[in-house]
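A.B. asks: Construct all of the structure, not just a fragment, from the sequences and the given hints.
Those sequence lines, one after another, are chains A and B. Counting in our numbering, the first sequence runs from 2 upward without gaps. Counting in our numbering, the second sequence runs from 2 upward without gaps.
It cannot be assumed that every hint is accurate.
[Unchecked claim] No farther apart than 30 Å at their CA atoms in a straight line, the calculated lysine-lysine pairs in the DSSO-like style are these:
(1) K502(A) <-> K128(B)
(2) K360(A) <-> K402(B)
(3) K600(A) <-> K703(B)
(4) K335(B) <-> K335(A)
(5) K417(B) <-> K402(B)
(6) K402(B) <-> K335(A)
(7) K502(A) <-> K232(A)
(8) K87(A) <-> K600(B)
(9) K434(A) <-> K600(B)
(10) K600(B) <-> K502(B)
(11) K87(A) <-> K402(A)
(12) K417(A) <-> K402(A)
(13) K402(A) <-> K297(A)
(14) K434(B) <-> K434(A)
(15) K87(A) <-> K417(A)
(16) K372(B) <-> K360(A)
(17) K128(A) <-> K38(A)
(18) K349(A) <-> K349(B)
(19) K128(B) <-> K297(B)
(20) K363(B) <-> K349(A)
(21) K600(B) <-> K600(A)
(22) K434(B) <-> K600(A)
(23) K87(B) <-> K87(A)
(24) K297(B) <-> K372(B)
These are calculated hints, taken from the structure and not from any lab test.
Number of protein chains: 2
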Amino acid sequence: MKNVVQHLKVGQVIPTQTIISKQGVHSVESLPLGSCKVTENGHQWVFPLSEHDVVYGLGQSMRGMNKRGYVYESFCSDDPSHTPDKTALYGAHNFFVVIGERTWGLYTDLAGKISHDVGFSDRSSVKLDIEGENYDMYYFEGSYQWITSRFREMIGQSYVPPKWAFGYQQSRWSYENQDVVREIANTMQTYDIPCDAIYLDIDYMERFKDFSTSDTRFPDFETFVSDMRAKGIRLVPIIDAGVKIEAGYDVYEEGIEKGYFVQGEDGEPFVAAVWPGRVHFPDFLNAEARAWFGRKYHTLIDMGIEGFWNDMNEPAIFYSEAGLQSAIEYVSSKQDENLDIYSFFELKDRILGLSNADKDYKSMYHLMDGKRVNHFDVHNLYGYKMTQSAAEGMLAYNPEKRFLLLTRASHIGMAKYSGIWTGDNASWWEHLKLNLQMLPGLNMAGFVYSGADTGGFGSHCSAELLTRWIQLSIFTPLFRNHSAMGTRQQEPWAFDTETLKRVRHFIRLRYAMMPYHYTEYIHSVLDHTMLFSPLARDYDDLRVRGVEDQVLYGQSLMLAPVLEQNARGRYVYLPEPMLLWQVQSVETLSPDTMTLMPKGDHYIQVSLDEVPMFIRQNQLVPLCRPANQVDKLMLDDISLVGFVPSNASYTIWDDDGVHKNYRQRYVRVTVSKYEGQFNVHIETNVHELQTVTLYLMDEHGKVHCVKQTECDRKMTNDRLQDKC
Amino acid sequence: MKNVVQHLKVGQVIPTQTIISKQGVHSVESLPLGSCKVTENGHQWVFPLSEHDVVYGLGQSMRGMNKRGYVYESFCSDDPSHTPDKTALYGAHNFFVVIGERTWGLYTDLAGKISHDVGFSDRSSVKLDIEGENYDMYYFEGSYQWITSRFREMIGQSYVPPKWAFGYQQSRWSYENQDVVREIANTMQTYDIPCDAIYLDIDYMERFKDFSTSDTRFPDFETFVSDMRAKGIRLVPIIDAGVKIEAGYDVYEEGIEKGYFVQGEDGEPFVAAVWPGRVHFPDFLNAEARAWFGRKYHTLIDMGIEGFWNDMNEPAIFYSEAGLQSAIEYVSSKQDENLDIYSFFELKDRILGLSNADKDYKSMYHLMDGKRVNHFDVHNLYGYKMTQSAAEGMLAYNPEKRFLLLTRASHIGMAKYSGIWTGDNASWWEHLKLNLQMLPGLNMAGFVYSGADTGGFGSHCSAELLTRWIQLSIFTPLFRNHSAMGTRQQEPWAFDTETLKRVRHFIRLRYAMMPYHYTEYIHSVLDHTMLFSPLARDYDDLRVRGVEDQVLYGQSLMLAPVLEQNARGRYVYLPEPMLLWQVQSVETLSPDTMTLMPKGDHYIQVSLDEVPMFIRQNQLVPLCRPANQVDKLMLDDISLVGFVPSNASYTIWDDDGVHKNYRQRYVRVTVSKYEGQFNVHIETNVHELQTVTLYLMDEHGKVHCVKQTECDRKMTNDRLQDKC
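C.D. replies: Dropping the structure here:
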C-alpha cells in the first residue's frame, strides 16, 4: 500500500472535476480523488464511496462510529439535546478516514462552517460543503493506522494530564458550598471509594465571575483547597468564557482598558449574556489578550488549584443585548393584536432563537494579528484559543508541571493543549452507546484525554444505568461522574447498597489497572496511536466493519460493554480467539473468571456485578494493588493477566505523574513458551518491585498461575524478591 | 396456575399495607399484592418485583418492551420530541403485566394522571402514584396470555378497519393541493407500486376548518375523491379537535348556539389556539355534543370519503388566549429592565410554557351527564371521546360498513372505536427500534390496528432508514409512510433507483402476505390475542425475557428486523429451531431463500434487499399473488411456506373487507407426515381457488415443493384444479 500525504491548497476558482494541490490544478484522473465545484458560499467537494466503505472520524458527533448515513456540520455548538438528528455538537473536527477498497483520509483546515454529508444525500459519496475559500485540505492514503498516526503527528503531540487525573472524579452542577463538597469527600472516605478530584461548577464563583470565589459559600478558599488536598482530593474549578460586566471587577476593568474584548459592529465590546448576566467575551484570537487571560488562572493556582475546566466557550450565548431588545420589542408590539397562528410561531421563534444565534456570531469581531476578523468565519477557533490561553498561562506559571485542563468547545489542533469532556449529554442508554462510539473519532482528532459525563448530565439516572456506564468509564482516561442541577443525584451511594458495592469494586478495578491505563495513554500520545480504535484497524474482514459496539483499547484489550437497559448479557464478535475476563472484584483474581473464547459470534452473560474484558492473543494486561488515590498506587506487587498461545511481552511505563519527563520507570515482562512451559523474563528499573504474579491462559484455555520459582527472571536492579 | 381477576375499588382512606377490593379491606397477606398509602393528591401503590421479573405493557411509551427501569406518566401529551427521557406520549394506557416468579397484571381505570415508576426509584418495586381517589383497579393473575386476553375481552372487541386499510398508505404534511396528490397517485402507477390510500393533512381544509375543503387547492372535492377512487386510491382526510372561531362557519355557530364547547372558568367557551388560530374545543364528554360532532363527518362521507384521522386531540394547545396575553404582558414589562439571567430564563419559560399548559387544562370544564367536570381530572378521555364521536357518527351513517379511523390521543377503552398511529416520531434509527418495541404494549392496550410513521415524521430520512423501516412496517396493520413539512421527501421514489426497486418489492410482499396479515388480525381481534407479542409469552426460558428486538407476529412468525444504521446483519436468538426465510422478491419463492436455523444464538446477514422472517415450528405462512390494491387480491393462486417437522395446519380467513361479518371465506390447509412424506389436505369454500403450492421444510432443513399430484386434497367445493 502506498502512503501519500497531499496538501491541497485552494485559492482560485476551481472547475468541476479537478483537484487542486500545491503544485497546481490537476484533472481528477491524476489522483484517485473526488471533484470540486464552486458554490455560492465556497466550495463543494465530492468523493465517491464504494459499497463496503466505512467512514471513521469527525470527532465529536452523533450517530455511530461509522459516520456513513448522515450529515455532520463543523460549527461548535452549545446544544444540550443530543438527539440523533443533531448535526453539530461542541467540537469541530474535520478529519475522517475511509476504509475500503482504497483507504484514505481527508482533513480540511478551516475554522468556519463545513458540512460533511457522508452518504446521506447520496449513499455512494461523501460531500463536503465548505463555507469559504481560504482553507487547506490534506489528503492521506495508506492504512487506517498509518493515516491516523500521520495526522496526529501533524497536529501536534496530544495533551498529557497529571497522573492523578486518571483517578475517579466526582462532579455535579452544583455542589453549592464548601460543606457539600466536604461531605462528598468524607462520604468517599466512609465508603472507601477511590477518588482523586471533585469538580466545582459555576456556583463556587462570586456572581459567576471568572477567577473569583464566593466569600459566603466558599470562604477562605485557599484553606479549603488545602484541607481537601490533605484528604487526597484535588478541586477542579470551572472557568467560563464570558467576563461579567461589573464595575470594579478586575478582569472586566482591565479587559476594557486594554481593548481585549470581542467587539461588535460598532467597535464597542460586544454584549452578550451568559451565567453572570451581561458579559464581554475575551478576544482569545488576539495574542495579547490570550496571554493576559491565561495569567488570570494564576490567581487560583496560587491557592493550590491544579486543574480547570473551560466551559461555555463555543462561545455559548443565552442572548445578546441587541437580540433580546429586538425580541422584546417584537413581542410587545403584538400585545393588542389578534395573533394568527403563524405570527405566534414567529413570536415563539424570536424568543427561542435568541440563544447562539448566527446573527450574533456574525456581529462579533476579533483582532487577529492586528486585523479585524469576523467571528463567524473563525468561529471554531474560539474555544480552542481560550484553551490555549489557559494552557499557556499554566506553562508560564510552571513550565515543568502538568495541569489538568479540560474544555467543552474544541477544534483540530487544540488537542495539544487539553482534554475534552463530551459535553452535556443525558442519562439515556443511547448516550452510553454514543460515548463508546465517539471515542475512536475523538482519538483520531487528537483528543486522547476524554470521556463522557458518566451516568449522564441531564435527565434522571437509574442505578442500572450508572452501573453499566461505570463499567465503560473505568476504561476512559477522563473518568468523571457529573450530573445537572434538578436531576436525581448519581454519586456512587445515591442508589442502593448493591449499587454502591458494585461501583466501588469497579472504581477499585480502575485504579488497579492504572499501569495499563497509563502506559497505553502515554503510548498513544508519544507514538500518535489510537487509544480506542474500531476493530477494522487491526482486522481486515468485512464483518468487523459492521461492529459498532466494541472497541480496541490499547494494545491488549477489546471492550464490549453492556449498553442496554435490562440486558443480562450481550452479543460479541471475536475476529480471533480471545480471553474473556469477567472481573467482579479486583480482590480476587481468579482463573475462574477467565474463559477462552473462540473466534466468531457469542452471546455472553454479563451481570451487573461484572466488567467484561477481552484480552487479545499474545497480550498481557498489568495490574497493581488498588489504592484510594492515584498517588498512592505502587509498583511493588503487580499482576499480569494474559492470553498467550505462543509468547507475549508488555512494558509498563511509569513516571512521577507530575512532570513532563514521561517513561522514567518501566517493568518489562516477557513471556515465552518452551515445551509447553511458560518462561517469564522480567526487566525493570523500579526499585520497589517485590512481587510479580502472572495468570497466563494457554491456547487450550488452561490458566497457569506462574509463580516466582518458575520464572527465569533477569532484573536490572537486582532487587526483585522471590515472592511470587 | 390459578387465574384471578380481582376488582379493587378504592373509596376510603387506606391504611398502609392493606389492599382494598370490592369485598372490603384486606390485609396485604390475604392477596399476594402490594401496599397502598394515601398521598397528598391521591394514592400510592407499591408492588414488589423479583430479580428476574419483566414488565410488559403501558402501551404507547418510550424505552424497551420491558418497561423496567423508568417512569411513565399517563397523561395524553402532544410532545413531538420522543427522547428517551419523556414520560408521556399521546396515549394513556394504564395496564401492565409482570412476568416472573408470579405472573400478574394490573389495570387502573382513571382518566386523570397516574405515574408508573417501574423499578426506577427502586429497582425492586413498581410504584403507582395516582392523582385522585375515584378509580377502579383490576388485578389479574394467570399466564401472560390469559391475562392479556381477559383484559382485552374486558375492554371490548378491538376495532377492525376495512380491508383496504391493510394496504400501503402514503402521506405527508402536506400534499398541498390536488395536483400534488394526483401526481403522487400517478407516480405510484408509473412505478407499479401497490397503494391503497393517500392521506390529506391539514392543508386540504379551508383555513384549517374541520369538515371544510379548500376551494382553491382542492376544488370540486367530490370529483377529486371519485377520480382518485378510480385509480384505486382512497383519500383519508385529517380532522382536528379544535373548531375555528369564525363567524358564519356552521360548526362554530352551531356549537356556540347549543353550548357544545368546552368552557372556561367563567362558563364561556374556552379559547385556545391551534392550527386554525383561535378555536373552541367541542365537549366530546357531553353525549349530545359528541353525537352532533360525529354527524359532521357525514359531510365528507357524502363526498365519498371512507376514512379519517383525528389529530391534535390530547387536546394539543399551542396557546390559550389568556396564557398568551399574560405572557406578552410579562415580556413587555421587561422592555426597559436590565434582565438578570434568571429573569431571562423566566421570560423564555413563559413563552415556551404556553403550549399544553397544565394551567390551561385546569381551567377547562366539561358538561358530563349534566355535571360540570374539570378537564384536568378527565384529561385522558378527551381524544377517546372525540374518536368515539367519529366512530358513532360513522355507525349512524352506515351501521354495516367499516370505515378507517385513526386517532393520535388515546386511552384504555378507546380501542373498540379506532386504530392509532404512534404520533410524531422522527427519522431516527432509535424510533425504528421503538416502533418494534411499542407494538406488544399497544396490542395489550387493545390497539391492534396501529403502526408508526414509516421513515419517521420529523427530521430527514435516508434511503437506508426508509428501506429498513419498510422491512418492519410491511408487518404492521397500519402501514403508512408519513413525513413532516420541511423534511426530506420520503416517498418510495424520493431516493435512488435501488431504493425504489427494493421498496416496491417489499410493498408487493406486504400485499402477497395479505392472507396471513388479515387472518391474524381478525384472529387477534375476535379472540383477544396478541398480534405482536414478546417472545416470553410462548417461551419460558429466562433468556427470552431479555430479548428486546424480536417479536412474535401472529401464530406462525417471529420477526427480527435490522434496526441499525450501516448494519449488514444482526444477531437473533431462537428459543427453538425455526425456518429463516429471506425474501428478496415475492416473484421468486425459492427454497434457496429458506434455511433451517437451530435453536440458539445466530448472526444473520440481512442485506438491504431482503426481508428476514422466521417461521416457527409446525407453522405455515400463506401468500397470494400480489396486486396493486387490496381489493384486487385474489385467493385463486395461493402459496404456503412452512416449517413442518411433524405436522401443521393453517386456516386463511377472509371476507368482503367492507362489512362486519368477518370470516366468511376460508381455506384450511392441513399438512401431516407419513413415512417421511407430506400429506396435504385442503378444505375451502373459496370458489376461485385454483392453485395451491406449498414449500415445506422438514426437520432436516430440506424444502419440499409439494405439488398437486402429491397432495391428498379434499375440497368442499370440488373446484380446485390440479395445477400445483
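A.B. asks: Now tell me if each hint is right for this structure.
C.D. replies: Structure-based check of all given hints:
no. : hint                : result
1   : K502(A) <-> K128(B) : holds, 25 Å
2   : K360(A) <-> K402(B) : violated, 57 Å
3   : K600(A) <-> K703(B) : holds, 29 Å
4   : K335(B) <-> K335(A) : holds, 15 Å
5   : K417(B) <-> K402(B) : holds, 15 Å
6   : K402(B) <-> K335(A) : violated, 49 Å
7   : K502(A) <-> K232(A) : holds, 22 Å
8   : K87(A) <-> K600(B)  : violated, 40 Å
9   : K434(A) <-> K600(B) : holds, 29 Å
10  : K600(B) <-> K502(B) : violated, 34 Å
11  : K87(A) <-> K402(A)  : violated, 39 Å
12  : K417(A) <-> K402(A) : holds, 15 Å
13  : K402(A) <-> K297(A) : holds, 17 Å
14  : K434(B) <-> K434(A) : holds, 15 Å
15  : K87(A) <-> K417(A)  : holds, 27 Å
16  : K372(B) <-> K360(A) : violated, 54 Å
17  : K128(A) <-> K38(A)  : holds, 11 Å
18  : K349(A) <-> K349(B) : holds, 9 Å
19  : K128(B) <-> K297(B) : violated, 43 Å
20  : K363(B) <-> K349(A) : holds, 23 Å
21  : K600(B) <-> K600(A) : holds, 20 Å
22  : K434(B) <-> K600(A) : holds, 29 Å
23  : K87(B) <-> K87(A)   : holds, 18 Å
24  : K297(B) <-> K372(B) : holds, 25 Å
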